[in-house]
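Engineer: In case you want the letters, here they are:
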Amino acid sequence: MGLETKPLSTLHERSSYNVADFDVPTGREEEWRFTPLSRLKGLHNGTAAASGTVDVTVDAAPEVTVETVGRDDARIGKAYVPADRISAQAYASFEKATVLTVPREAVASRPSVITLRGSGDGAAYGHIVVKVEAMAEAVVVLDHGGSAVYADNVEFVVGDGATLKVVSLQDWDDDAVHVSHHHAQLAKDATFRSFVVTLGGDVVRLSPSVSYTAPGGDADLTGLYFVDAGQHLEHRLLVEHTVPNCRSNVTYKGALQGEDAHAVWIGDVIIRAEAEGTDTYELNRNLILTDGARADSVPNLEILTGEVAGAGHASASGRLDDEQVFYLQARGIPFDEARRLVIHGFFAQLLEKIEVEEIRERVLAAVEAELAR
Amino acid sequence: MPTLEIRDLHVAVGDKEILRGVDLTVRSGETHAIMGPNGSGKSTLAYALAGHPKYTITSGTVLLDGEDLLEMKVDERARAGLFLAMQYPVEVPGVSVSNFLRSAITAVRGEAPKLREFAKDLKAGMDALSIDPAFAQRNTNEGFSGGEKKRHEILQLELLKPKIAILDETDSGLDVDALRVVSEGINRFRGLDASGADTGSGVDTGVLLITHYTRILRYVKPDFVHVFAAGRIVEEGGPELAEKLENEGYEAYTKASA
Ligand SMILES: Nc1ncnc2c1ncn2[C@@H]1O[C@H](COP(=O)(O)OP(=O)(O)OP(=O)(O)O)[C@@H](O)[C@H]1O
Ligand SMILES: [Mg+2]
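Which chain is which? The protein sequence lines are A and B, in order. Count along the first sequence starting at 1, add 142, and that's the number in this note's numbering. For the second sequence, position 1 matches number -12 in this note's numbering, and the numbering has no gaps at all.
Hint data in this document are derived by calculation from the structure and do not stem from the laboratory. Every residue gets a Cβ at the ideal spot worked out from N, C-alpha and C, and that includes glycine. Mixed in with the good hints there might be a few duds.
[As the list claims (entries may be wrong)] Simulated pairs of lysine to aspartate or glutamate, EDC-like, Cα-Cα distance not exceeding 16 Å:
(1) K41/B <-> E465/A
(2) K242/B <-> E222/B
(3) K60/B <-> D478/A
(4) K60/B <-> D464/A
(5) K60/B <-> E479/A
[Said to hold, decoys possible] Below, a sample of chain A positions facing chain B; criterion: calculated Cβ distance under 8 Å:
(6) Y423
(7) F468
(8) Q471
(9) R473
(10) P476
[Stated by the list, open to error] Taking beta-carbon pairs under 10 Å as the criterion, some of the chain A residues facing chain B (in silico):
(11) D463
(12) E465
(13) Y469
(14) A472
(15) G474
(16) F477
(17) L493
(18) E497
(19) I501
Just chain B, same shape as in the assembly (with noise of 0.2 Å):
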């Protein structure tokens, strides 16, 4: 039963502490849900999860199924089943989509795909998301408008089958009907049909949702909701917590914690 564990993170950028003593646990099953003010920390947790080079820990630990975290490679800790949904993908000119998504899937399942395979999954899998099939060939994320570029995340998500999976404000931008279909995104993959209804096929599976919004969280249902302030957890609660900051802001938050 994969676990993501993260205790006493600190994390800074440069000499500037950033994250200041971070605990949080997301089990396979569970939604998490992380709301906060603009520069809190939210997408610095993100990467500092996912190994981004510019975020260097200051001290604390991250296990993923116990096995420490901080100690692998960025692409390890993907293939360990840790995925980023980025809040803004990045432009890779002159690699297509299907030669990244191919060589990412290749990546994290040791072996490359049957030729044929890959093809149907990948259709199945823009056409779920409604992205056109044009894209397969386009370089990856270089000319695609934001809501393109948070469908392609999803995609991903859908392809690599991680355990844990991170997504940074992949709500924004959207607009309503670009929202619906990355929430059924996000819903397969969590094992959950369109009515939110189990099918037993996500079990495996935790997410920890980054949004300002509670409108994703209409569809995509968090078990649990976390108030992040100043590089830390300040609050958490059900999903009545988020229906509160929607109304209310986080003014309470950030005086509390400044």
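So here's chain A without its partners, still in its complex pose (with noise of 0.2 Å):
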């Protein structure tokens, strides 16, 4: 398979199998330019070898198959074409995917949590497909722990009139390295919530992207972020929009604090101009909480047809509102209570919206604990 040219839009123009189709980025490329290389390990330019391991286990509801399959399995790589050099390094090098499978209008009757645990040295690649046939439902969960340098692909599949939410949790070890991304692809009348926590690592890469492939579907991607010194936490949305009447909302908040804290958040919605009547917005924000900390927010919107229900994005970042934290101290409430709490309520809308108890709690308990720092 060659490399294709998708030539309607200047936005993710590339994607293949072949790593040998994209250049060892050099940190000048937009796609990169915000990325530190040289903290990655080796995943974006072919030298760090699959000597690591991380353990994929998985907890699935009664309902679902779960299945390790080999790289030649037919359900791989069909919704999601690597789209650049480290997505496909990791498609090339992995040697077992985990297949996970909610039947035809099945409904999971809990949450099937996929855990992944890096143990140390060495780089590893993965892959995962969670396919929701028609009519199902299902809540999945990825939890990332532990220590690795770890690159990796994700498929979404979610069948006309399915429903799929994804937790995805990245709570790795300081020295961790994550780079991974995830494809939703929406049929007919599809919903996809996603709902990203990343907390932990040194340097976290996510690109989750969402396509349709009939009228109708719905996704709303939200995510969480808390940046600590020294950490390179960077989140990069793509929903691509080319047919007809679907919806995206897209709702990205993080906190950074400490030296050297750094935030990206790249939020790339395209309408093409045969998608009319899509409804999108996309809303990223940051709260910086300390000097030496930086978020880059870049939100791009592409609209290339007339017809559109509504589109928007917003973006901003600032410090912790001093009127808000005054108000609060001025009802007898020490600072360090008031900061917590105000930061709390930056938070609070996109807590509401994970729907598990137990995860939102979990989530919660994540929070607390960054804040306590």
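Build the complex from these two chains, which are given one at a time in their own frames, with help from the hints.
Structural biologist: Here it is, written out as structure tokens:
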């Protein structure tokens, strides 16, 4: 398979399964300019041999089938073609893939949890496919932890009228490097909910993307990140509206504290000429809690049709609101507690979106732990 | 007996001097009204007393019960018994009224209220101020109308029971019914019943009420009225002074101090 070029748009024009189709990034490319390549431990230039391990264990709902398959499985790479060098490297390098299938009309009775645990030295590559067949419903949790140098691709294939809710938690050890693509492909009237929480790791670069194969698809992508000193946490979103009457909503919020804490958020939404009746909105907000932290936030909305139902974006990065803290303090609440309440408030609407109680509690606890640092 | 003593207070914003020597003593059981033209520094006085970081005290002293108020942090002042109902209450997204009030009560009392007791007090307080119980779950001040924000300030006043309350234009923007409801709240805090008779429950509280209008002073009767102009108090008198100001305006004072 050769290089495919999509001439209509200036964004994300290349995709290929073949590593050689992508040049080794130098850092000058638009898609790499924010990423600290020197900290990727070779994932981007072919020097990261697959000598490490990231253990994948699945605790699935009884209605969901789980398989570990080889590279030649027909279901792999159907929904997503790698869009950058590391993604292609991961595609070329993984040995076993994990495939979850929610059969037609099945409603999973509890969340299916995929636990990924890195165990130290050496790079590892992975691939996951989650297939939700027509009219089926499921909640899937991706729980990343441990120490790793890990690149992977995750395909979410959501069938006609099906609903998939995903929570992806990146809470790696301090030295971990994780570069990942999450692609959701939505069929007719499919519903996709993604909740990304990125807290731990030296460098995490996660690229969630969405495509639609038929009208009526509805994607809601939410993200929460907390960046500490020295961390680089990057989220690159792409929603590509190629069919009429689909909806997308992206809301990412992050807090940053400490020297050289760096957050990057790229929000690309493309509405192609044929995607009439599209309704889309994307928002990114960053709360910069200390000097020395930096947030780069770049929304790109490209509209190639005159007939949209709604399209907008907003991005803002700012300090903790002194007036809010003053108001709370003026009621006797000590500074630290006032600050905690305001930051909590900043994330509150997002947290309410996590419908699974136990996961919401866990994320809440993780945010509390970050605030206590 | 709580007393707020302000002596020769000078306050600047940036390098602009706004308060130019304020002297005022508020004792418990007393209600003082401050009236004065826009921009004369009334809110500046209120914020400076509460400890807002934008306002720099350049000289003067403020004692609350003999303790140096200006040495205390914002939250310490509140815990020492000072309360400021703000002219423009701040919206705090994502923090519910109920969570906010519980945190404030916990801080001021030094221990968390029992959940059941808190729920009961909150309900009673909201009922008394005709606040819809649904507000407990709304985000603090977010999307509240002007009048709703002011009622919410008085709710806090009644729940936190400070020693000295500064009310900055709590009456502005209220319709006649809301004005009555809010005034009754202030009077409950002062230990007065609806007819203005002392109930004996508010003896330890003093009120400093900043306003442009005498209509609130018909409900909340002041013992003293002060005229504020160009950053200082330029005249003092009894309730009759308020009527005079409303009829004649501030021209006499603004000319004199210019
Ligand atoms: N934070 C600030 N930054 C800049 N200027 C300020 C600030 N606060 C007050 N001032 C200025 O100080 C002066 C007094 O303002 P203040 O708000 O205290 O007046 P006020 O008497 O409360 O007026 P009003 O009756 O309109 O509420 C005004 O000229 C105002 O512009
Ligand atoms: Mg004012």
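Engineer: A separate judgement is required for each hint: does it hold in the structure or not?
Structural biologist: How the hints compare with the structure:
1. K41/B <-> E465/A: Judged against 16 Å, a Cα distance of about 10 Å means the pair holds.
2. K242/B <-> E222/B: 13 Å, holds
3. K60/B <-> D478/A: Roughly 12 Å separates the two Cα atoms, so the pair holds.
4. K60/B <-> D464/A: At roughly 14 Å apart (the allowed maximum being 16 Å), D464/A and K60/B satisfy the hint.
5. K60/B <-> E479/A: 14 Å, holds
6. Y423: Check failed: Cβ of Y423/A comes no nearer than 18 Å to chain B, outside 8 Å.
7. F468: 6 Å, holds
8. Q471: 4 Å, holds
9. R473: At about 4 Å, which falls below the 8 Å cut-off, the nearest Cβ of chain B leaves the hint on R473/A intact, so it holds.
10. P476: 5 Å, holds
11. D463: 8 Å, holds
12. E465: Since chain B brings a Cβ to about 5 Å from E465/A, closer than 10 Å, the hint holds.
13. Y469: Where the cut-off is 10 Å and the nearest Cβ of chain B is about 4 Å from Y469/A, the hint holds.
14. A472: 5 Å, holds
15. G474: 4 Å, holds
16. F477: 7 Å, holds
17. L493: Given a least distance of 9 Å, the restraint on L493/A holds.
18. E497: 18 Å, violated
19. I501: At about 19 Å, which exceeds the 10 Å cut-off, the nearest Cβ of chain B leaves the hint on I501/A violated.
Comparing the model with each earlier hint shows violations of hints 6, 18 and 19; every other hint is respected.
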